[in-house]
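So the protein lines, in turn, are chains Z and F.
Heads up: the first sequence is residues 1 to 113, going by this note's numbering.
Heads up: the second sequence is residues 1 to 182, going by this note's numbering.
These are computed hints drawn from the structure, not numbers from a lab.
It is possible that some hints are incorrect.
Simulated coverage check for chain F against chain Z, where a stretch passes if three residues somewhere in it have a Cβ under 8 Å from a Cβ of chain Z [as the list claims (entries may be wrong)]:
(1) 91 to 97
(2) 109 to 123
(3) 149 to 157
(4) 162 to 176
Here are the in silico distance ranges between beta carbons for each label pair [to be verified]:
(5) F:N112 to Z:L109: 15 to 23 Å
(6) Z:D61 to F:R167: 31 to 39 Å
(7) Z:R16 to F:S85: 39 to 47 Å
(8) Z:T101 to F:P138: 18 to 26 Å
(9) F:N115 to Z:Y29: 39 to 47 Å
(10) F:D92 to Z:Q52: 40 to 48 Å
(11) F:N165 to Z:Q23: 35 to 43 Å
(12) Z:E36 to F:I169: 38 to 46 Å
(13) Z:R53 to F:N107: 22 to 30 Å
(14) Z:H5 to F:R84: 42 to 50 Å
(15) F:N151 to Z:T4: 15 to 23 Å
(16) F:D92 to Z:R62: 42 to 50 Å
(17) F:S85 to Z:D58: 44 to 52 Å
Positions of the beta carbon are idealized from the N, C-alpha and C atoms, including for glycine.
Below are the chains, spelled out letter by letter.
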Amino acid sequence: MSDTHNRQLLLSQVMRADMGFQQAIKKLYEFDWDYEDAPVLLSVAVIKSILQRFLSGDLSDRDVYVWADALELREDVQEENESVSYALHALANPDLEGALTPLFAKQILEKLA
Amino acid sequence: MTLSLSGPVARDRAAAPADTRALKKALNRMGLYGPVCAMTSPPPDEPGLDAVYPEAILIPVLRAGSVLSTATRAASGVIGRVIRSGQEINRDNIGRAQRDNLRRFENKIPANSRNSVVITAEKNGTITITATSPGKSPVSRAVYKKTVDRNGKTISYRKITYDKNGRVIHSKDKMIKMEIQQ
Chain Z
1 MSDTHNRQLL
11 LSQVMRADMG
21 FQQAIKKLYE
31 FDWDYEDAPV
41 LLSVAVIKSI
51 LQRFLSGDLS
61 DRDVYVWADA
71 LELREDVQEE
81 NESVSYALHA
91 LANPDLEGAL
101 TPLFAKQILE
111 KLA
Chain F
1 MTLSLSGPVA
11 RDRAAAPADT
21 RALKKALNRM
31 GLYGPVCAMT
41 SPPPDEPGLD
51 AVYPEAILIP
61 VLRAGSVLST
71 ATRAASGVIG
81 RVIRSGQEIN
91 RDNIGRAQRD
101 NLRRFENKIP
111 ANSRNSVVIT
121 AEKNGTITIT
131 ATSPGKSPVS
141 RAVYKKTVDR
151 NGKTISYRKI
161 TYDKNGRVIH
171 SKDKMIKMEI
181 QQ
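Work out the full structure: start from the sequences and follow the hints.
Okay, here's the thing in structure tokens:
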């Protein structure tokens, strides 16, 4: 299996935020930062799913922060559109954009709709 | 008057002199020609700037024993100043691999920071690319700082977050999972 394929599998695992996704994040740091192959798509549906899981209590605000922090700025991730880029930035930067609360999560979801 | 060659140009001597001789003659006619300290040209893989700007021919111009100015003749033919470490530079003055890296950087930073990109020359052809994304509170901001070597490889990528008082609250290495809490 190629490095690129491994990387894409790990990214998909992180994006789904399945159990143990933090282990997958650690493995991602073993790859070079620079990347010019096909990126993995971070879709509107994925962000919505993460926020809905936060609202249902399946993910904590800390989980969401760690998730977003791991994905922001990565060259092997392609956000589907500007609203996804904004959402990822907001979730990865609570000190700048505001802490993740149920109200804020709903506001982001509205922007994604 | 001395003329010394350094770097790849020494191996590629035949290619450079015609242009150099023309420049030397022109400067001589103007009475501006002095000791040529170094003459370099970019390596074949077109890397970025060096501390002494290898994409240029450096000509310190001496008159009456003092340095009046330093002219630079870049590969593009533009006359400008010598680029020093820490100096802001234009994106046209970096190598192709570094430009590719810059493009990837600009594609990933937040939309509200895309007009703030600054490129700074560092030692050994390395560049630092910086962009600032303002936060919701005045003064709060995230500063994205990427260092790219002359071959276009990212050496470091840091995000520094400032609170509304301008105090650093996070300094994160995006390439290594390590967070420095202030």
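Hint by hint, here is what the structure shows:
With 0 residues bearing a CB less than 8 Å from a CB of chain Z, the segment 91 to 97 of chain F misses the requirement of three and the coverage assertion fails. Residue count for the segment 109 to 123 of chain F with a Cβ under 8 Å from a Cβ of chain Z: 3. That meets the three needed, and the coverage hint holds. Interface restraint, the segment 149 to 157 of chain F with chain Z: holds (4 residues with C-beta to C-beta distance below 8 Å; minimum three). With 7 residues carrying a beta carbon less than 8 Å from a beta carbon of chain Z, the segment 162 to 176 of chain F meets the three-residue requirement, and the given coverage holds.
Distance hint check: the CB atoms of N112 of chain F and L109 of chain Z are about 21 Å apart, consistent with the given range 15 to 23 Å. At roughly 22 Å, the beta-carbon separation of D61 of chain Z and R167 of chain F lies outside the given 31 to 39 Å, and the hint is violated. Checked against the hint of 39 to 47 Å, the C-beta distance between R16 of chain Z and S85 of chain F comes to roughly 45 Å, which is consistent with it. Under the hint 18 to 26 Å, the C-beta atoms of T101 of chain Z and P138 of chain F, about 22 Å apart, fit the expected range.
Distance hint check: the CB atoms of N115 of chain F and Y29 of chain Z are about 30 Å apart, inconsistent with the given range 39 to 47 Å. Our hint of 40 to 48 Å for D92 of chain F and Q52 of chain Z holds, since their Cβ atoms are close to 46 Å apart. For the pair N165 of chain F and Q23 of chain Z, the beta carbons lie near 37 Å from each other, so the given range of 35 to 43 Å is met. The hinted window of 38 to 46 Å between E36 of chain Z and I169 of chain F is violated, with their beta carbons roughly 33 Å apart.
In this structure the supplied range 22 to 30 Å holds for R53 of chain Z paired with N107 of chain F, their Cβ-Cβ distance being about 28 Å. Range check, H5 of chain Z to R84 of chain F: about 44 Å between beta-carbon atoms, so the 42 to 50 Å window is met. Judged by the Cβ atoms, the range 15 to 23 Å given for N151 of chain F and T4 of chain Z holds: they are separated by roughly 20 Å. A C-beta distance of roughly 44 Å is found between D92 of chain F and R62 of chain Z, which places it inside the suggested range of 42 to 50 Å.
A hinted range of 44 to 52 Å holds for the C-beta pair S85 of chain F and D58 of chain Z, which are about 50 Å apart.
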